[in-house]
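*Asks:* Taking the hints as your guide, dock the two standalone chains into a single complex.
Chains A and B supply the protein sequences, listed in that same order. For what it's worth, the working numbering labels the leading residue of the first sequence as 1, then goes sequentially. For what it's worth, the working numbering labels the leading residue of the second sequence as 1001, then goes sequentially.
Think of the hints as simulated: they come from the structure by calculation, not from any bench. These figures come from a predicted structure and were not determined experimentally. Treat each hint with caution, since some may be false.
[To be verified] Computed cross-link-like contacts, SDA-like style, restricted to lysine to any residue with a CA-CA straight-line distance of at most 20 Å:
(1) B:Lys-1415 x B:Ala-1074
(2) B:Lys-1161 x A:Glu-155
(3) B:Lys-1161 x B:Met-1001
(4) B:Lys-1415 x A:Glu-48
(5) B:Lys-1161 x B:Thr-1013
(6) B:Lys-1336 x B:Arg-1419
(7) B:Lys-1161 x A:Gln-174
(8) B:Lys-1415 x A:Arg-28
(9) B:Lys-1336 x B:Arg-1462
(10) B:Lys-1161 x A:Asp-45
(11) B:Lys-1161 x A:Leu-172
(12) B:Lys-1415 x A:Asp-45
(13) B:Lys-1161 x B:Lys-1336
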Amino acid sequence: MTQITQITGTGIPLLLDDIDTDRIIPARYLRCVSFDGIGEHAFRDDREQHEAHPFDHPQHQEASILVVGRNFGCGSSREHAPQSLLRWGVRAIVGESFAEIFFGNCTAIGLPCVTAERSALDALANMIAADPPLEINVDLQADEVRYADTVVPVEMAASARDALVSGQWDFLSQLLDNADAIHETAARLPNLSSTV
Amino acid sequence: MPNLFNTVWDRHTVGTLASGQTQLFIGLHLIHEVTSPQAFEMLRARDLEVMYPQRTFATVDHIIPTDNQARPFADGLAEQMMSAIEKNCDEFGITLFGLDDERQGIVHTVGPEQGLTQPGLTVACGDSHTSTHGAFGAIAFGIGTSQVAHVLATQTLAMNKPQVRRVEVNGDLAAGVFAKDVILYIIRQLGVKGGIGFAYEFAGEVFDRMSMEERMTVCNMSIEGGARCGYVNPDETTIEYLRGRPFVPPGDDFETAAAGWRSLASGPDATYDDEVCFLAGAIEPTVTWGINPAQSVGISEPIPPVSEFPAEEQTGVQEALEYMSLEAGKRIWGQKIDVAFIGSCTNGRISDLREAAKIAEGNHVASGVKAIVVPGSQQILRQAESEGLHEVFQAAGFEWRAAGCSMCLAMNPDKLQGREVCASSSNRNFKGRQGSPTGRTLLMSPAMVAAAAIAGAVTDVREMLSPVSV
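Excised from the complex, chain B in its bound form (with noise of 0.2 Å):
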């Protein structure tokens, strides 16, 4: 029997081209100022316009200053991609959710917020992590440049299928783990490349409880692990989220259309390329210790001594331990940080910064750490701002900025200085990452990231937690 991944796939093949590859039709193209410009040019160059202007979507994120916002922007390179998206979706016909709109946010973050990302979709994004928009058992995944030309001009791409293999986490998460901590743990099981050539179905009771906004943060860091997409399959969780949200069908057709939402989920007897299974006992608050995501340890645990590692990862390795600092070993529990950052597409919604608060409420940053908390979307602020969120991290000593991709790449004016570490909620700890050449970045849950805030030091969140009564 089809898995979801096929029925979605073959739904919206048009054809097989003469290189074999099929010829895919996009639902959903969604696209931002840094990853478009040359595909418009691109365009413009063979005289072609774009064949379905409603089936994109852009909006502004990773350039975008998140204190300072008004134009022209300081930085003369930024202001010109920006005036370069403007024109672009103008000239051609396409919406454009910029700073001036209240949709403004995280490509990643507004999709869904809008309701644009729907379940059976296939959506692309110039950005490898559109694998976000799986959450809702769409087909998604990051493409390149060319690639975005291909979308604009044709709906379609030349794409290889690839296997699907199925992700099974069973079991009950323990209090204060969470959704980054089940991703960061099934990176360090199967690899960063162990996802190569394969869509990850994410499935079992963890994943079946899991909130909407949770599933993305999993789905999110998909390609961290190599696979280019990974999906939750559809449910009510999936369907109460989208309900009443702008770009979903009204009223009583948006039944029907829930009603074909629900009969695309992989059923008991679909088939899979491959299976793994994992025990939500198992997983720990996460914490990455190297400069990839699969370099994670739990946060009781020491970092492992080179010697446990396979052969062929030993030198790599060792290159990380120097980068970063670090002994194998010892624990990265007691690390010092120097900066703090809440946000991202992979934790910058709504819970996540609810958790966080939870865990700056009546405490302060540690003296000489800088904390930022950048919300993904327009949206997400000012629904945070309704709830007192921003002053409860503002009396504890964080920064409140406005959306955007902020700390996470360091397009922008957030960065990085030197040898600073960062406890950050985002998803890369490659070198450079965060904007220093020699910065460090240690990954974690928003919950994480603001006990180390607060302990000025990586720490157990558990720890901070208020007890519960029973």
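Isolated chain A, as found in the complex (with noise of 0.2 Å):
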């Protein structure tokens, strides 16, 4: 897979707390059987209720860098949510802390969430709303996150960002290498059995 190291792009804010999956993708857009096309229902029923949304602002429709506050993802398992931020066009996630969940559906689709200080993400939206054209770095492999003179320092769970940076973020396929250890797992352990 693409060893995922640095993100640049622009930025958009979205500086709320507990955004859950709901809110990200409205459980009526999971009636689907593929992703195709989710990208445009993201943040839905939000961006229809607020018209100065920032996922309609026209100067941040190129964006891929999304600014966000604490507990990003809340809520419902549905890998629809990141998806759908991917889809849009968000490729890294910047925000105090994720739910767990969400975090994990976000590496398994490369898509890097990076956690900081609320202050530092406060500056950040802050000039992101000011100079929306405003080239953001976010450094996987340096823990940071850069733009004009700022360097902020962010943090990754390892393993997740060991997976990225490295490429290894493709986990079917390191889980079909094992074969045999899962096996001789299964093999002690019971069987699923019906006595009807």
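*Replies:* What follows is the structure, encoded as structure tokens:
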């Protein structure tokens, strides 16, 4: 898989807390058998209710770095949420903290989520709002987000970062490599068998 | 000494991946129609088979209409998803509890009902409420669609091991205070992100005394407190619930299995990464007033003033109050409702319906309130009908529906309209969750929902309980 080390692009600020995956992709857009076209439904209900939603802002349409608050992606395990952000154009998310299942889903599709101090996120979001074409660089190897002359230290679970940086985020191949060990484990566990 | 979580985790560890993550074997994989179709496509794209088809079971729940179930469904997209899971299960050799199968129901209801969910298993499903199965002393957690593909193809997942927090509740619950109130109270105390990175072990007198159905309600909402997984140690209650169910070992093998299950429980010397303790007597019937499940109050309390919340939460609290059109300082008691929903993987089991029926019996749903009762599975529906509960509900003006997820998440025709306020026994009060982008959800126990339906407003179910003779 592609090595994901640096993401460079413009930002989109959405510095809100406890944004759940129903907000990111309302359930009615889960009525599908493929993820194709799901990007256009990202934050659909929020956008319809708030005319000035960042995802509709003309100057953020090419943005690839999403800046969020605390506990982003809580709630439902739907992978449709990160898939819709990815297909909308998001390539990295910088936030105060992430819900666990969401974080794992993002890593599995090559979408890095890094965390930073709230004060640094406030400053970054303000900079983006003031200057939407501002170029931002998310550097997974250096654990930094850089823009203008600012360097923000960021963190990411080492296992996820290493997987992305080394291009080993296709966990399926790695899991399949250990087929023998899987069968040995299965053999020592009870079967599920019906008595009827 | 190890706790149950560590014992089960170690037993299912296949090895350590280059990333440092554990490759964890999944004993039981459950799938449904919403998060599985893309996973099967991933298998096809790589020309992979399902490694252990006998360890995956499928049901249909999220998109199922609960009134007219004639095929093809009126919703073409729902029909497409239904056809996809039928085709995928057929092609890959997976048992499907389809609409025409009497075992069909909400995925987290049917696993336990069939005896598939057993102590000491690892359980995964593309649904965050998979934590429900932890009630049996299983390690159960929700996963995304790519991970569904991982389990189908390898029966394993790449996982980081969480820490374990023991959450103890001791003392006696008052009459009218249910498992739902206990978990809403815990989430309020620990916060919606308090459980991130943790598995919760629910322990203490309150959980020891609970039935399996009550334990399922508690574990179901672990994820609403940020904990991907929550569990209760297996005991005689667990074993008696499982005895005789279709997928448990038969005859003497059951006793052997049961002995093994007992031995898994965390002992008195077990150690934890964190421990918290609450008193049951502090818990009242609880109702959410906001847009996340931690934003709740006891029925006799006022909604706290914004200034009482930590500074970092105040903006969110203000936003929640505005969305809900509620005021701090006032009680949620008396809030008018438009819809009452009894059902979901949290509270759609037979004991929930019995408690709600006790409140409904001899009363009538208030004028202008739409009230629906949706059993969690076909089996629960039949049980309820054999007890005459459907007649109690119907006589009281509730609609009696077929099994499914219904109005919990509104991927089916059951939805709120506009700014409607719904008293709901489900698990999430997120903005727009129940199908209307501006709809408002008040989470509470099924008995409280029934009481609200009858009063036409949020009320205190304790005032409607029959006096107990001493």
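*Asks:* Hint by hint, say whether it matches the structure.
*Replies:* Do the hints match the structure? See the list:
1. B:Lys-1415 x B:Ala-1074: holds (15 Å)
2. B:Lys-1161 x A:Glu-155: Cα-Cα ~18 Å, so holds.
3. B:Lys-1161 x B:Met-1001: holds (17 Å)
4. B:Lys-1415 x A:Glu-48: Given that 20 Å is the threshold and the Cα spacing comes to 18 Å, the pair holds.
5. B:Lys-1161 x B:Thr-1013: Within the cut-off at roughly 11 Å; holds.
6. B:Lys-1336 x B:Arg-1419: Satisfied, since the Cα-Cα distance of roughly 12 Å is no more than 20 Å.
7. B:Lys-1161 x A:Gln-174: Satisfied, since the Cα-Cα distance of roughly 18 Å is no more than 20 Å.
8. B:Lys-1415 x A:Arg-28: Cα-Cα ~10 Å, so holds.
9. B:Lys-1336 x B:Arg-1462: Answer holds: Lys-1336 (chain B) to Arg-1462 (chain B) is near 18 Å, not above 20 Å.
10. B:Lys-1161 x A:Asp-45: violated (35 Å)
11. B:Lys-1161 x A:Leu-172: holds (19 Å)
12. B:Lys-1415 x A:Asp-45: holds (15 Å)
13. B:Lys-1161 x B:Lys-1336: Not satisfied, since the Cα-Cα distance of roughly 45 Å exceeds 20 Å.
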